[in-house]
Amino acid sequence: GYSCFMDGTLRDWQRHTSQFTPGKNFDRSGSWGPSIVTADEITDPGSLVLSTIVDGEVVQHASTADMIHDVAAIVSYCSTFTTLEPGDVIATGTPGGVGFALSPQRWLEPGSDVRVVISSIGTLANPVVDESS
Numbered sequence: 025g026y027s028c029f030m031d032g033t034l035r036d037w038q039r040h041t042s043q044f045t046p047g048k049n050f051d052r053s054g055s056w057g058p059s060i061v062t063a064d065e066i067t068d069p070g071s072l073v074l075s076t077i078v079d080g081e082v083v084q085h086a087s088t089a090d091m092i093h094d095v096a097a098i099v100s101y102c103s104t105f106t107t108l109e110p111g112d113v114i115a116t117g118t119p120g121g122v123g124f125a126l127s128p129q130r131w132l133e134p135g136s137d138v139r140v141v142i143s144s145i146g147t148l149a150n151p152v153v154d155e156s157s
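Per the numbering used here, residue 25 is the first one in the sequence shown, and the count goes up by one each step.
Keep in mind the hints are simulated off the structure, nothing from the lab.
All residues carry an ideal CB built from backbone N, CA and C; glycine is no exception.
Among the clues, some could well be false.
[Said to hold, decoys possible] Quick list of the computed label-pair ranges, beta carbon to beta carbon:
(1) G70 x F105: 19 to 25 Å
(2) E81 x S143: 16 to 22 Å
(3) L132 x P58: 15 to 21 Å
Produce the entire structure from the sequences given, and follow the hints as far as they go.
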């Protein structure tokens, strides 16, 4: 099936090594949902349109047709190094437009509203909260 996934990256941790993993695996730094759309409901996973909206402004807009590897190739590749089981989640990555890469850089702050919208799937909405919350 298909769903929305949003990872919140801690860029300061990401800079500790050459790998992205440390900055993407903190508690409550990723979200998934709001539902699962079954594969038979998605006619062409290579033509889904996705957007990221921060505080009402579209900051990312792309199609799965723009991905370097299509969904089938990504699943096939992942299956070469791990046994895929029902319930496993594979995230395909992010389109251009992340705040870190902008000039000037744009950072999420407590109170920001972040939404990922994918055609035929739905909207995943997350408020940004301070880590002490």
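Hints, verified against the model:
At roughly 23 Å, the beta carbons of G70 and F105 sit within the given window of 19 to 25 Å. Look at E81 against S143: about 19 Å separates their beta carbons, and that is inside 16 to 22 Å. Between L132 and P58 the beta carbon distance is about 20 Å. The supplied range of 15 to 21 Å therefore holds.
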